[in-house]
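There are 2 protein chains.
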Amino acid sequence: MSVKIGLVGCGTVGGGCIDIIHKHAGDFLRHLGIDIELVRVCSLSRSEAEMHGAGDLFTDDFHDIIEDPEIDIVIELIGGTTIARTVVLEALRAGKSVVTANKALMATHGQEVMDLAEEVGRELAFGASVGGGIPIIGPLKHSLIANEIESVMGIVNGTTNFMLTSMAQEGMTYEESLANAQALGFAEADPSADVDGFDAAAKIAILASIAFNTRITLDDVYTKGITSITITDLEAARDMGYVVKLLAIAHRTETGIDVRVHPTMIPTTHQLATVNGVFNAIYVVGDFVGETMFFGEGAGAGAAASAVMGDVLEVARHIQQGIAPIVGCTCTDDLPIRTIETLSMKYYIRFSVADRPGVLASMAQIFADHNVSIHSMIQRGAKEDGSVDVIYVTHVALESAVREAIDQIALLPDVLHGEPSLIRVEE
Amino acid sequence: MSVKIGLVGCGTVGGGCIDIIHKHAGDFLRHLGIDIELVRVCSLSRSEAEMHGAGDLFTDDFHDIIEDPEIDIVIELIGGTTIARTVVLEALRAGKSVVTANKALMATHGQEVMDLAEEVGRELAFGASVGGGIPIIGPLKHSLIANEIESVMGIVNGTTNFMLTSMAQEGMTYEESLANAQALGFAEADPSADVDGFDAAAKIAILASIAFNTRITLDDVYTKGITSITITDLEAARDMGYVVKLLAIAHRTETGIDVRVHPTMIPTTHQLATVNGVFNAIYVVGDFVGETMFFGEGAGAGAAASAVMGDVLEVARHIQQGIAPIVGCTCTDDLPIRTIETLSMKYYIRFSVADRPGVLASMAQIFADHNVSIHSMIQRGAKEDGSVDVIYVTHVALESAVREAIDQIALLPDVLHGEPSLIRVEE
Chain A
0 MSVKIGLVGC GTVGGGCIDI IHKHAGDFLR HLGIDIELVR VCSLSRSEAE
50 MHGAGDLFTD DFHDIIEDPE IDIVIELIGG TTIARTVVLE ALRAGKSVVT
100 ANKALMATHG QEVMDLAEEV GRELAFGASV GGGIPIIGPL KHSLIANEIE
150 SVMGIVNGTT NFMLTSMAQE GMTYEESLAN AQALGFAEAD PSADVDGFDA
200 AAKIAILASI AFNTRITLDD VYTKGITSIT ITDLEAARDM GYVVKLLAIA
250 HRTETGIDVR VHPTMIPTTH QLATVNGVFN AIYVVGDFVG ETMFFGEGAG
300 AGAAASAVMG DVLEVARHIQ QGIAPIVGCT CTDDLPIRTI ETLSMKYYIR
350 FSVADRPGVL ASMAQIFADH NVSIHSMIQR GAKEDGSVDV IYVTHVALES
400 AVREAIDQIA LLPDVLHGEP SLIRVEE
Chain B
0 MSVKIGLVGC GTVGGGCIDI IHKHAGDFLR HLGIDIELVR VCSLSRSEAE
50 MHGAGDLFTD DFHDIIEDPE IDIVIELIGG TTIARTVVLE ALRAGKSVVT
100 ANKALMATHG QEVMDLAEEV GRELAFGASV GGGIPIIGPL KHSLIANEIE
150 SVMGIVNGTT NFMLTSMAQE GMTYEESLAN AQALGFAEAD PSADVDGFDA
200 AAKIAILASI AFNTRITLDD VYTKGITSIT ITDLEAARDM GYVVKLLAIA
250 HRTETGIDVR VHPTMIPTTH QLATVNGVFN AIYVVGDFVG ETMFFGEGAG
300 AGAAASAVMG DVLEVARHIQ QGIAPIVGCT CTDDLPIRTI ETLSMKYYIR
350 FSVADRPGVL ASMAQIFADH NVSIHSMIQR GAKEDGSVDV IYVTHVALES
400 AVREAIDQIA LLPDVLHGEP SLIRVEE
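Taken in sequence, the protein lines are chains A and B. Residues 0 to 426, numbered by numbering that gives the first Met the number 0, are exactly what the first sequence covers, in order. Residues 0 to 426, numbered by numbering that gives the first Met the number 0, are exactly what the second sequence covers, in order.
Chain A with its partners taken away, still in its complex shape:
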């Protein structure tokens, strides 16, 4: 007897899932002995289901799926943390297993939905919530479990990586690259979730929770987006042998978990430096495996649908074989989270300052007063408003000290023209 699937949410990823089922259901049965059948598709409009040849399965009420006793697995692809949360919780309570690509839900209500899944003895799979089609949650939960993971670090947002690549390689301004990404369908009309870093923050919260066996939520992640990055910053970085990427970073340290998202300068020789455009890559370091990296398309209908359907097939295989959920929540430890103020690293700081005597001396004195040692300083030519760009790269310094120094420089009378730009450096 086939395992019955109900799909809630028929946008690009949901459409991709239908396409996979139509193209490969016969292969799944022949190769893997897994017999799945899509029996219901919930979406806002019938035309979305019709576009993928599933008009006859259409409903606009998700209860038609949750209350259908035949359905074994519910795929949740509507996103967000309101209706999606209801769908997932009600589906589990109705005894169905759930597959979701919803990173926001998992990064905020992960504990709640996983607890319920365990309580009702059903599976909750969310492999598509991070990295599009890149297998990363699977490897972290299986192949790599013999390791103590030291770091998980990556480019996990395709939109911002596409924008930064356009700015660095084609000299576009931030505004031009955003408009371009929107025109190409890589950025949404309201791009905040991407450009402000929240999408990446949700993803690193999920990855870090699995990697370090401790619950990390979206609120735990220091998050800074790319909105203040300028071409000047990218060019200066390039001249120093670096590229700027929006990195999601999580390190295990002796005093807790360091987890954050921000624009980051990495050496051009780093494996992540050549990951361009909409591609994603996630770098994992374990105590025995050493360095590993997982690369692929981080977005797009096909890639995300591949991950969703990989989960669906795995859950369906377990249902067919009568296997109870194998892997539940693995957040057994309760490790402290380090606030960013307590971290020490290198910093790139660009100030637009008044071009007059004494300014550099005052700034140098303030850095010295805060124990921030400067590795290099570059001054770039005068601009129309009479200001010059002064760029510092620090030695390893304490974040709180760097911030205090910047605040104090901002207080110098008539010195700063606009906000300083701060980019953290990861070697």
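It cannot be assumed that every hint is accurate.
To be verified - Quick list of in silico lysine-lysine cross-link-like pairs, BS3-like style, CA-CA up to 30 Å: (1) LYS140/B - LYS22/B; (2) LYS223/B - LYS22/B; (3) LYS345/A - LYS382/A; (4) LYS345/B - LYS140/A; (5) LYS22/A - LYS140/B; (6) LYS3/A - LYS140/B; (7) LYS3/B - LYS140/B; (8) LYS140/A - LYS3/B; (9) LYS223/A - LYS382/A; (10) LYS140/A - LYS22/B; (11) LYS345/B - LYS382/B.
As the list claims (entries may be wrong) - For each label pair, taking beta carbons as the anchor points, the in silico distance ranges come out as: (12) THR267/B - ALA24/A: 38 to 46 Å; (13) THR172/B - ILE325/A: 50 to 58 Å; (14) ARG237/A - GLY120/B: 53 to 61 Å; (15) GLU69/A - GLU187/B: 56 to 64 Å; (16) GLN181/A - LEU359/B: 51 to 59 Å; (17) LEU28/A - VAL119/B: 43 to 51 Å.
For the record, the hints were derived by calculation from the structure and aren't laboratory data. Glycine is no exception: its CB is placed at the ideal position from the N, C-alpha and C atoms.
Fit chain B to the known structure of chain A by using the hints.
Just chain B now, kept in the frame of chain A:
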């Protein structure tokens, strides 16, 4: 009750497994609920076990492990296809699950051992047989199963990649780079399995079998090693914007599976081009997921032990939960293998030829007679023996035609000085 492990083979990888168990057994229990215990270690000498603090578990007779009714999982790490095959088959017959890193065994006797595992209802896991610690077999068998895989291609032999990197970056000759690799412990005294490509061939046979759901054995893989690669070839490739890597390649084509190992020119912009030293990387293309790449340490005690113990923990988890093997053999199709003579691609061909009038004209005529169209030709300065290097890069041409042309050029009287060098080009 703990799941009992017997280890057969206590070299570097086996020692790494013992180290992982000693360091992390408590973590596995706390994080994953998996309780494993190493109860017996078989090796040639007690000192190997003692080095890893397991002298009290030592035996030099593998029957002590196979005949011990307490033992649930046997780890086979002795390698080769003779005693190792006996150990694996006898362990399965004794009702134990088996974890092996043995690529030669899986690429030659894979069918036999997997059939027996299915017959006796035990698990046979071999995730460490390809790519050292890189999770690749797991993703192919789980996360990526919703795809029809189109290509699997990679750098899967660390020794030869280290040698080619040394030759390209430090100008070492083949002989120097081999001696260097041997001195550093990256190559064995008898380097044939690595430099002649057989190690890579076994690995691509395993990957292709899983990716294409069809049994491919070592004998099916066209295999050419790196022994005839010279610095001249690497320099010429670099000048043309390429690097030379020993690639293991498997493509699904309309008329069968194309599977081979040979030195390959790839553009410097390709993701695999920057994989240097002992690192490995495997590139997978699926019809929905698009391009993905998996990168990491392809060799070394820790990396391989990470993969072995990942399998051990997964099998132990199943044993604890009373789950029968979930994934058996997936080679359900019987696809034809394409011989290399039937393939068409681009070729780099270097001839050392006599430096006299008419030679180039004769060679050009022979290529034309065989329908091999030339994309570019470079002649490099005269050498001490009076010969010159003439390097052709062809347009896409049929392998058999290229070979016939080369054979015919070899028949030209007093033209060739030494063997021509042929490197296939993958764009």
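Worksheet item: Hint by hint, which ones does this structure get wrong, listed from lowest number up?
Response: Those not satisfied are hints 2, 4 and 17.
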